[in-house]
Amino acid sequence: MPPDVHRQHYGITFSLLALAAASFSLMQSLVAPALLEIQHDLRTSTTGATWILTAYLLSASVCTPILGRVGDMFGKRRVLILVLAALSLGTLVSALATSIEVMVAGRVIQGLGGAMFPLAYGIIRDEFPKERVSTGIALISAMLGIGGGAGIVLSGPIVQHLSYHYLFWLPLLVIGIATVGAFFMIPESPVRTPGRVNWAGAALLAAWLSAFLVGISEGSNWGWGSARVLGLFALALILLVAWVRNETQAPEPLVDMRMLRQRAVWTTNTTALLIGFGMFGSFILLPQFVQMPLSTGYGFGSSVTQAGLFLLPSTIAMLLISPVAGRLAATVGPKVPLVAGAVLSSLAFVVLASAHTEAWEIVVASTLIGAGIGLALSSMVNLIVEAVPPEQTGVASGMNMIMRSIGGAIGSQVSASIVAASVVAGSLPSEGGFTAAFVVSGLALGVGVAVSLAVPGRPRTVPGHEPIFDEA
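So the sequence shown is numbered by this note's numbering: it starts at 3 and just counts up by one.
It is worth saying that the hints were derived from the structure and are not from the lab.
Check each hint, because a few of them may be wrong.
[What the hints assert, rightly or not] Simulated restraints, written as ranges between beta carbons of each label pair:
id : residue 1 : residue 2 : range
1  : 197       : 243       : 19 to 27 Å
2  : 254       : 305       : 52 to 60 Å
3  : 322       : 260       : 33 to 41 Å
4  : 429       : 322       : 38 to 46 Å
For each residue, glycine too, the CB sits at the ideal point set by N, CA and C.
Kindly produce the complete structure, drawing on both the sequences and the hints.
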């Protein structure tokens, strides 16, 4: 942006950030219901099709904290534009793909778009009036859940009436608008953190995340007790230890380990992992459950499009509850909506485990999930942003996203594995398999409630200094 261009109103900046965030979030789930059709069209295996999701998750998890740090150093707007351009390129590659290799390559490039969230949080913190920061961050954070739910809902009609290629062509139009808008209308944030990227730490972060997430993603295909899966988990642990040691000793670490030890940070990140478990578990379990044929005695015989509609109340609830979460964060602190969100999400799975024979029961549970996730996602990043100085906003919020991604990977795979284990002799899953999966997700979110209660309340402040949280 030319230096003489005046700073835009923060409302314009927010609209463009929200548009970009919604575009990325849609892509995390939009392809999930269409994986079987993509698999057949690209003549690949089930494992190959799984990589369409895994590659996206891996890329986003690895690149988010790194690019968040680069944005803190060289300018958040500048890096945001590059990230949006990469998301556009990856979406174009995926739309044109005629082989699984090209499709996966496109998804890897798309994954760079995950960095837009820490960059957006930093821009909001730098640009918005203080009283608007909590609400702005809450709404952008909620886009992760809203976009994920909307992707499941929209995928069926798009594939049914057009083709799976339009799962990429349609979002590409929106991403293009967001990219051009960001270039011309978002001002560069004045807060910079001079320094260097710890590339050794970045490489180790990428290595241990890749080993762990590949193990999680392929566990149900290779077998959880197989040598390959156990070997990947062992490798991930070794690399994790090496990463922590490197970051601790580096003069300019990518991630400040002292920051991660703050009680406000580690409790929020742990809650993020457990909320991610439940959120992605619901994305997997609910559509599959309602698509079971009526002959099973428990399914609803829904089509892919109808199954997506069962998640529509969840998406609407997230959209409506997120502004409330932002206002709560500004008035009573972000811990209150975090605890409330964890409680509602856990209660949703209690409903699913005990009452799932009527459509209205599924709708009630879906609404509770949406309200709970909307409250939780909207408050977590506010807790992180309040706990760290401005120059660490990008990397700290990026690590929070990683924890949600890891939780989502674990939740989706564990849920799918429990249901798959109930299949006998090539038949359909049993009702007991779904009930067990609902119970496990509910227990995970119950632990999330306990951890969220350990999150500190409002930080104590010292005049002239950033808010201070006690370390735990």
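Do the hints match the structure? See the list:
Between residue 197 and residue 243 the beta carbon distance is about 25 Å. The supplied range of 19 to 27 Å therefore holds. At about 54 Å, the beta-carbon gap between residue 254 and residue 305 stays in the expected band of 52 to 60 Å. Separated by about 38 Å at the C-beta atoms, residue 322 and residue 260 satisfy the suggested range of 33 to 41 Å. Range check, residue 429 to residue 322: about 40 Å between beta-carbon atoms, so the 38 to 46 Å window is met.
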